[in-house]
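Start from the sequences and build out the full structure, keeping to the hints where you can.
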Amino acid sequence: ARKGRNTVSETVKTAITYLLQLVTGYLPQGLSFVLFIYAFCRQRIDRKRFVLSVGVMFLVIWLTRNLPVNFGVHTLLNMLARIGLSCGVCGLRLEKTVVGCLLATVVMFCTEALNVAVLWLILGRERTDALLTDSLIKALLVIPSMALFTLGTVIFYCLRARSLRVPEKGRA
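Numbering (my numbering), first residue to last: 1401 to 1572.
Some hints could be false.
[Said to hold, decoys possible] Quick list of in silico lysine to aspartate or glutamate cross-link-like pairs, DMTMM-like style, CA-CA up to 25 Å: (1) Lys1538 - Glu1526; (2) Lys1448 - Glu1512; (3) Lys1413 - Asp1529; (4) Lys1413 - Glu1526; (5) Lys1496 - Asp1529; (6) Lys1413 - Asp1534; (7) Lys1538 - Glu1410; (8) Lys1496 - Asp1534.
[Said to hold, decoys possible] Beta-carbon label-pair distances, calculated as ranges: (9) Val1498 - Ile1537: 28 to 38 Å; (10) Leu1531 - Val1499: 33 to 43 Å; (11) Thr1411 - Val1499: 42 to 52 Å; (12) Leu1422 - Leu1480: 20 to 30 Å; (13) Ala1561 - Ala1530: 34 to 44 Å; (14) Lys1413 - Arg1444: 35 to 45 Å; (15) Ser1409 - Leu1452: 12 to 22 Å.
None of these hints come from the bench; they were simulated from the model.
Yeah, the Cβ is synthetic: ideal placement off N, Cα and C, and Gly gets one too.
Set out below in structure tokens:
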């Protein structure tokens, strides 16, 4: 009977972990990256294309993060997907999209590094590293970096909103 309870509690923990990862990680990350590229390319958002791109990006991020690949490979796969979506679905120019994607990735890494540095200062490196091995706790600990990246992206878009162009039917 005890083993059955552990299985149920592990299943619940796994479900909560996935839900948290979706809400605190994959969805805001997909939204923020697409918005960042729109802002960088100085384009007004086409709602249908934006929603489609965010939805696809959300799925791509989730799928690549669950692949058994080495660290960094999922980042490259996500970048390729972002570039493809931005050009193919959103109609943004390739050159600006590539630079915007690289810049967004660097900014995201900086917010994550800042978050880890603050955790190291508060909790110590060993405790932080130990906490980051638990998927559920990690999903909670990434909230500050994701919130900072998302907030920064929204501010970046709003600051550039005055000079944004309306996308044309073909390419922007």
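Could you work out which earlier hints the structure fails to respect and list their numbers in ascending sequence?
-> When the structure is compared with the hints, numbers 2, 5, 8, 15 turn out to be violated.
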